[in-house]
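Following the hints, put chain B in place on chain A, whose structure we already have.
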Amino acid sequence: MKIYHQHGHNFVWNLDSYTEDGSGNGHILSPVNIESDKIPLRLSEDIRKVSFFDPQFYLPHDAAKKLQTYTFFPKNVLNNFSTSDFIEQAYDIAQSCLVFQKELNFQYSIIPTRYFSELPENALEQLTSIFLDPFISEHSRITDAPPLLLTVIVKSIQLEDELLRSELITWITNYPELRGVYLIFDNDFYSKQIKDPEYLSNQLLFIHYLRQNGLEVHVGYTNTEGYLLSIADPTSVTVGAYENLRSFGIQRLETRESGTQQGPTPRIYSSKLFQWIPNTSLPPMRRLIPDWQGLFDESPYSEYLLNPSSSLNFNRKEIYKHYFFIFSRQAKELPADLQTRTSFVVEKIKTVLENFERISNHNVFLDSNSDGSHLTSWMNAISIYNSEIV
Amino acid sequence: MAFKTEYQLTESFLLKVNQLLDSYIEYGLHTQSEVRAPGGIPDYVIYRSIGNSIHYLIAIEFKLKNWHRALEQAFRYRNFANEAYVILDKETSNSAKENIVLFKKANVGLITYDTSDSIEVLNFPIPSTPFSDEFSREVASEIISTNIRTTDDLPFIRTARGGYKLSRLRQLELLA
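If you're matching them up, the sequences are chains A and B in order.
Here the first sequence stands for residues 1 to 390, numbered as in the numbering used here.
Here the second sequence stands for residues 1001 to 1176, numbered as in the numbering used here.
Bear in mind the hints are in silico, worked out from the structure with no lab data behind them.
All figures in this text were calculated on a predicted structure; none of them were measured in a lab.
Glycine included, each C-beta is placed from N, C-alpha and C at the ideal position.
Careful: at least some of the hints might be erroneous.
Claimed, not checked - Derived list of chain B stretches under chain A, where covered just means 3 residues or more per stretch with a C-beta under 8 Å from a C-beta of chain A:
#: 1; stretch: 1048-1058
#: 2; stretch: 1074-1081
#: 3; stretch: 1133-1147
Next comes chain A alone, as it looks inside the complex (with noise of 0.2 Å):
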């Protein structure tokens, strides 16, 4: 399973994370972030040929931020949007996103989506009229353009009623022009971690049955699920610096106001215990358990993230290169062959349990967004998901 950077703000740190500490296998662009004549600046080659371009098409209507730059979006190309008006434009469209992702030599040519916030019924048939069909014709007429990945955003819906899965997978499958999807996971869980054993199976069961179908699955803004998730052997899963990198919100593509916000607790990353612990957690950990630092992870940046004097705040590069440094290497360890994936992924979990449990012997409490509770979820949708598949 690869490890993508998911883009967003200071997505420098994702850049540097890679060339410096080796972490990830590629990138996901993100031109909200950038300017598009800044990209062969700032991603070499090199870079580009590992990486893939999401246009961010979720709100053609809004070309917040940096958007405005990239010609083909469609707030710069459309006067209105009335879904006729978006027909008629959107070859020219299709044709103009592709060519600036062939001539970036990336790793694949995406076509987007769009975002809907209530799913119309006829959701798919608007997909393929003016994103699929324009983009896998154009994409026929480029020479040598790289192969396609579809933007899906799954809703939670689709993936709980059987028949709109059904729907959704049919619609995909479809197209054997398409080498595989870049799918997107839109819920509105209010926990920091997916707690919901039915919904992670369910998520577990769309990533296989793609699988079965002989598309490849790029899985964008995963958190510490993504570990989870590659027992159904996504190609891909990511990992993102910021909380809305590592779970979709479609608040950062719309244009807002600025105003002054608290951050929120600087977390560390422990792959000790599958989650993000807050630094509050740290000094009871350093005062009631005893060799506490065995529950995190050594990294170039975790002298500097474990000292009680450094000033650690949501804004430290250090927290989230050391994210991208463990999680990567965790991804590294996993066995090929799934089956016994599966059961080194569920050993793991027990252990996890275990340092909670310790954590929990030592009389330090932690918070529901910082416990270990999800983890009982992760095991009872590995039991649904491997009495579904067999």
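Only chain B this time, still in chain A's reference frame:
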């Protein structure tokens, strides 16, 4: 009867606490609401200070419901406090009482209060030094509005003995 709002619970309880504190004002006891601190904002802190030096600090979290969240918050306050308490509306505190062992494990105080002025102390924490010198300095700077350097002495960080005068707070039940 239950309190209608957390504000009502807080104000009512603090009236009671302040009666007690007033009689010890000469010992340098002070209070402050909503102190910005790493990982949360305690609803109330009571501290003993001499000059610019804090000698003991208690952090309090009031909640009408969701005792577990209150416990998590109060536990975080132990990063910079010598004692941390959760104060709940008695009417909605049964679940917390059933889980008193968690408060004991966390070394967090649990007090219930009701509209008829009845106070019940279910757990007094054992005074201890804060978990974090760094966070304690941040909170002390916030309270006394002075930047505290790492070389400055803060008695409440190095010893939990400064709470002698504040231990009178343990008479709260007698006021009821």
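Hints versus structure:
Counting residues of the stretch 1048-1058 of chain B whose C-beta sits closer than 8 Å to any C-beta of chain A gives 0, which falls short of three, so the coverage hint is violated. With 4 residues having a Cβ less than 8 Å from any Cβ of chain A, the stretch 1074-1081 of chain B passes the three-residue criterion, so the hint holds. By the rule of at least three residues with a Cβ nearer than 8 Å to a Cβ of chain A, the coverage given for the stretch 1133-1147 of chain B holds, with 3 such residues.
The structure does not agree with numbered hint 1 stated previously, though it agrees with all others.
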